[in-house]
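Participant: Chains A and B, in that order, give the protein sequences.
Position 96, counted from 1, in the first sequence is what my numbering calls 96; the numbers after and before it change by one each time, with no gaps.
Position 89, counted from 1, in the second sequence is what my numbering calls 1089; the numbers after and before it change by one each time, with no gaps.
If you are wondering where the hints come from, they were derived from the structure by calculation, not from laboratory data.
Incorrect hints may have been included.
[What the hints assert, rightly or not] Computed footprint of chain A on chain B, listed as stretches where at least three residues anywhere in the stretch have a Cβ under 8 Å from a Cβ of chain A:
# : segment
1 : 1036 to 1047
2 : 1057 to 1067
3 : 1112 to 1124
4 : 1131 to 1142
[Unchecked claim] Label-pair restraints from in silico Cβ distances:
#  : chain 1 : residue 1 : chain 2 : residue 2 : range
5  : A       : R101      : B       : G1131     : 18 to 26 Å
6  : A       : V54       : B       : L1108     : 35 to 43 Å
7  : A       : R96       : B       : A1128     : 28 to 36 Å
8  : B       : N1027     : A       : T55       : 17 to 25 Å
9  : B       : V1093     : A       : G4        : 30 to 38 Å
10 : B       : A1090     : A       : L56       : 29 to 37 Å
11 : A       : R101      : B       : V1100     : 40 to 48 Å
12 : B       : V1124     : A       : R101      : 53 to 61 Å
13 : A       : R101      : B       : V1063     : 51 to 59 Å
14 : B       : M1001     : A       : T97       : 44 to 52 Å
[To be verified] Stretches of chain A that chain B covers, calculated by requiring three or more beta carbons in the stretch to come under 8 Å of a beta carbon on chain B:
#  : segment
15 : 28 to 34
16 : 40 to 54
In this text, a Cβ means the ideal position worked out from N, Cα and C, and glycines have one as well.
Listed below are the residues making up each chain.
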Amino acid sequence: MSIGLAHYLVIAAVLFSLGLFIVVTRRNAVAILMGVELILNAANVNFAAFSRFVTLDVGGQVFSLFGIVLAAAEACVALAIVLAVFRTFRSVDVQRTDDMRG
Amino acid sequence: MGVAEIIFYLLALLVVGSAALVAFSRNIVHSAFALLGTFLGVAGLYVYLSADFLAVVQALVYVGGILVLILFAVMLTGRIRDVKVSNVSAGLVPGLLFLVLVLGLLSLLAFKTPWAASVPGAPVETTAAIGDALLTDYVLPFEIISVVLVAAMIGAVTLVRKEEK
């Protein structure tokens, strides 16, 4: 069985669900950020796979590039927020940052 | 099964295995280092998708940039040696159920949907084509993403700056 579109889609699905699992279960904000990075990677793999097997041009790869740029921007803003949260609460546990809960 | 297939399955194993390590490791430092395997494996997958430029960008930006940033954050947030403090998980069993459900649904979609997939041609280098596309068809998203990047950097600097009274 040669390597086809479904192989890449399944790998991306595994990455996506593991990332979602991390976001749901972890309480450390930095660990949650790692989960988001896995989800973004899964999306980028899907873009590149569809670009290779369906549209046969570089459009999907260009959007993968945009995804990588967004991941970089997201990582730096999120880590800045984590740092600010750590300064305020002396902790990065997302269940202890509940000052805005009504 | 040829050599190419074997290497592909090894890459897939690397990606999935280290992603699982990120998800299930008790120590957040181990999670951060396992992320390296995932990012490099995805770069390898890009090579298999004949996306050479994308593979290099993945290695440079993710491994050289984002991973180093995450490791800095992990090391800076102190008390990291204590697993109970650094990497507590909540609701593992519902989380696992959720994981299996999402994975099953997505895999079902991947196999059952009649994708209009065609047989790809021989790999060609894509750097010039991506450069052309960025400056013709995708010039507006390209400009917008530049503004987003600048805004994110300024925002990050503003967020971490100490307040001056």
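Participant: Check each numbered hint from earlier against the structure, then list the numbers of those it violates in ascending order.
Facilitator: 5, 6, 7, 8, 10, 11, 13
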